[in-house]
Amino acid sequence: TYPGSPVSKGILQFDMWNVKPSNRWDWTGLRRQISEHGVRNSLLLAPMPTASTAQILGNNESIEPYTSNLYVRRVLSGEFQVVNDHLLKDLTELGLWNLDMKNRLMYENGSIQNIETIPDHIKALYKTVWEISQKVIINMAADRGAFIDQSQS
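Letter by letter, the sequence shown follows residues 1 to 153 of UniProt numbering.
Bear in mind the hints are in silico, worked out from the structure with no lab data behind them. Since this is a predicted model, take the numbers as computed values, not measurements. Mixed in with the good hints, there may be bad ones.
Here are the in silico distance ranges between beta carbons for each label pair [unchecked claim]:
#1 Gly58 - Arg31: 30 to 40 Å
#2 Gly95 - Gly29: 42 to 52 Å
#3 Val129 - Asn23: 41 to 51 Å
#4 Asn114 - Gly10: 16 to 26 Å
#5 Val19 - Ser42: 14 to 24 Å
#6 Ser42 - Glu93: 19 to 29 Å
#7 Met48 - Gly10: 42 to 52 Å
#8 Arg144 - Asp85: 15 to 25 Å
#9 Gly95 - Gly4: 15 to 25 Å
#10 Pro6 - Gly95: 28 to 38 Å
#11 Ser52 - Glu108: 21 to 31 Å
#12 Glu108 - Leu43: 38 to 48 Å
Once the Cα atoms are required to be at most 20 Å apart in a straight line, the calculated PhoX-like pairs of lysine-lysine come out as [what the hints assert, rightly or not]:
#13 Lys135 - Lys89
#14 Lys20 - Lys9
#15 Lys89 - Lys123
#16 Lys102 - Lys89
Built from N, CA and C at the ideal position, the CB exists for glycine as well.
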């Protein structure tokens with residue numbers, strides 16, 4: 001229930017972690033509005049969505065890095081290839097997306113790191129989980145942990 005809860009006392013999730021958020025947002029104003037109006041939900045952020053929901057909404061699963069920029073999705077009605085929509089948009093805008101690029105992406109198991117024609121700034125944006133240091137992934141999880149009401153694994 002709201003009365004007596006941490007948020008009813010102006011204590012937000014990140015406060016319980018002793019994290020000071022950036023000054024980008026008006027946290028004092030938000031606390032004032034919460035104090036006046038309450039909150040609609042007791043939990044505000046959970047790492048979602050599931051694979052199916054992510055596919056429908058054009059997102060990646062959860063909040064983790066992509067495992068691949070191209071993969072085969074298997075559903076009851078069959079199989080189809082899925083390309084990272086953001087990568088597809090960027091490669092299309094650069095005039096690099098074509099059948100040869102798709103085949104090369106398949107050959108590289110969804111990684112763009114060894115494709116010479118792709119600019120380095122695009123390669124830096126679209127690293128897969130296998131191409132990012134585990135320390136970086138753990139640090140990102142720790143950084144966002146204070147803002148997640150539920151858990152992440």
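Taking the beta carbons of Gly95 and Gly29, is their distance inside 42 to 52 Å? holds (45 Å)
Below or equal to 20 Å on CA atoms is what counts here, so check Lys20 against Lys9. holds (17 Å)
For the pair we were handed, Lys135 and Lys89, check the Cα-Cα distance against 20 Å. At roughly 29 Å apart (the allowed maximum being 20 Å), Lys89 and Lys135 break the hint.
For the range 41 to 51 Å, tell me whether the beta carbons of Val129 and Asn23 fit it or not. Taking Cβ atoms as reference, Val129 and Asn23 lie about 32 Å apart, which means the hint is violated.
Within 28 to 38 Å: is that where the Cβ-Cβ distance between Pro6 and Gly95 falls? Hint violated: Cβ distance 52 Å, outside 28 to 38 Å.
Range first: 42 to 52 Å. Now tell me if the beta carbons of Met48 and Gly10 are that far apart. Violated - the Cβ-Cβ distance for Met48 and Gly10, about 27 Å, lies outside 42 to 52 Å.
Could you check the hint for me, namely that Gly95 and Gly4 are 15 to 25 Å apart, CB to CB? violated (59 Å)
Hint says 15 to 25 Å; check whether the CB-CB distance for Arg144 and Asp85 agrees. Hint holds: Cβ distance 22 Å, inside 15 to 25 Å.
Indicate whether the distance between the beta carbons of Glu108 and Leu43 respects the range 38 to 48 Å. holds (40 Å)
Determine whether the Cβ-Cβ distance between Ser42 and Glu93 falls within the hinted range of 19 to 29 Å. violated (42 Å)
If you check the beta carbons of Ser52 and Glu108, does the distance land in 21 to 31 Å? holds (26 Å)
For the range 30 to 40 Å, tell me whether the beta carbons of Gly58 and Arg31 fit it or not. holds (34 Å)
In this structure, the hints that do not hold are numbers 3, 4, 6, 7, 9, 10 and 13, in rising order.
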